[in-house]
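Construct the entire structure; sequences and hints are all you get.
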Amino acid sequence: MNTMGLLVFDGLLLFSIVGLAWASLATTDVRRGVILFMAFGLLLAVAWGRLLAPDVALAEAAIGAGLSGALLLAAVHRQPRPLSPGATHDSLYRSAAAVSMVVRWVVTLLSAALAGTLAWGLLHAFSSTPQDMLPRAIAENLAASGVSNPVTAVLLNFRAYDTLLELAVLLTSVLGIFSLGPATPGYQPAGPIFDGLVRWLVPVLILMAGYLLWVGAHAPGGAFQAGATLAAAGVVLRLAGRARIGLPEGFALRIVMTAGVSVFLLVGLTLLLLGRPFLGYPPAWAGALILLIETAAMLSIAATLLLAFLGGQPESTGVKAAANRQREEISRC
Amino acid sequence: MLTTQILYALTGCMIVALGLRGALLHASVLQRIVAINVMGAGVFMLLIAVAYRGPGLPPDPVPHALVLTGIVVAVSATALALALVRRLHAEQEDD
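Just so you know, the sequences run in chain order A and B. With the first letter of the first sequence counted as 1, position 53 gets the number 53 in my numbering; the numbers rise by one all the way through. With the first letter of the second sequence counted as 1, position 86 gets the number 86 in my numbering; the numbers rise by one all the way through.
Bear in mind the hints are in silico, worked out from the structure with no lab data behind them. Ideal Cβ positions, reconstructed from N, Cα and C, are used throughout, including at glycine. It cannot be assumed that every hint is accurate.
As the list claims (entries may be wrong) - Residues from chain A that face chain B, not an exhaustive set, calculated with beta carbons under 10 Å: (1) Glu-60; (2) Gly-64; (3) Thr-108; (4) Ala-113; (5) Ala-119; (6) Asn-149; (7) Leu-155; (8) Leu-167; (9) Thr-172; (10) Ala-252.
What follows is the structure in structure tokens.
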């Protein structure tokens, strides 16, 4: 491989990445900042591919650039407009001039000092040859993990605890979002061109989610990437102004939201009852159990990300009926 | 010591600093949320650079799994932060 060419490529890529990060934070126009941040995320996906991390690259492109961008853009859209251009009459927005020059310089210097300390520590760590105990242990035990993609093996087998707790974090965040208010109102029905695109895009996204889930066992992919792709299908339907975006209602929604955590826990507890360690799969069953957990996790992740995009509990007929019942009871008292 | 690894790791440090500065100095809450996401991306770059072992060699999968987890946790935290912002705006409009 041409080393010089690669070095030039790295230089250009990193220069663009830093430039985009800088530009997305330097502008005072929030919409512009968010769009630059999405471009930053896409270039990061290229960087992860360059550093031989295709699993992370897929997740970054789908979540880091795609869904985060959609969430932030929707938030910019909802933001109350300032009364006059340039002026912010919102106490959430301290005026830029209020932060004095001195504070700016102190913060800049402290941030630079932090970067210097980090860099110094890293260079110190790089100067010793890596022992690679952990990667070697993974390579030796990969055959017994039930999958051949080492990243999936780490996520769903060797460090399954982390992933279980991560799904719990996702569930917690969506419960927090539910408690903060109802879902945002839907969008206007899309025009014929966008509607035509949606008809093509949504089935392709669903198919791709299924493929990513299946292929994650032996190649880049897995529950996270699949879940994000599935959520993207729902986001596209929402943006097109459809009333139904694929989310189940009422009790079924709760089942889907908690499926990842509950299936994970059930598998772990069943194994405990059978006398194995918690989440210590028997090698013969590992592949099937991982696929089962990943399928449930994909559905939960997709539902969570889509609910995050809605920004609250969707108003389903069941919820409305319950709310009405509650109101009647209160009025009766 | 690999040039590529050092190049990407140092860029990661720079992005962390840029994000931290933005998060502390920005007036708009939405831009602070973007800045925190940028800072997170810098940390991810550090981890992926640490995992890199050179062309043709398999990288360390543990940092990759950590970053994957991190990306998903970051997006859920961002969503929660945005929901909080929306609620804050709604409360202010009521006043």
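Each hint, compared with the structure:
The restraint placing A/Glu-60 at the interface with chain B holds, with a minimum CB-CB distance near 6 Å, inside the 10 Å limit. Because the closest C-beta pair between A/Gly-64 and chain B is about 6 Å apart, less than 10 Å, the hint holds. With a least beta-carbon distance of about 6 Å to chain B, the hint placing A/Thr-108 at the interface is held under the 10 Å criterion. For A/Ala-113, the shortest C-beta to C-beta distance to chain B is roughly 9 Å, which falls under 10 Å, so the interface hint holds.
A distance limit of 10 Å between C-beta atoms decides the matter here; for A/Ala-119 the minimum to chain B is near 4 Å, and the interface restraint holds. The restraint placing A/Asn-149 at the interface with chain B holds, with a minimum CB-CB distance near 8 Å, inside the 10 Å limit. Contact between A/Leu-155 and chain B, as hinted, is supported at the beta carbon level, the nearest pair being about 5 Å apart and thus within 10 Å. Checking A/Leu-167 against chain B by beta carbon gives a least distance of about 9 Å; that is within 10 Å, so the hint holds.
This hint holds: A/Thr-172 has a C-beta 8 Å from the nearest C-beta of chain B, less than the 10 Å allowed. The beta carbon of A/Ala-252 comes no nearer than 22 Å to any beta carbon in chain B, farther than 10 Å, and the hint placing it at the interface is violated.
The structure fails hint 10 only (numbered hints given earlier).
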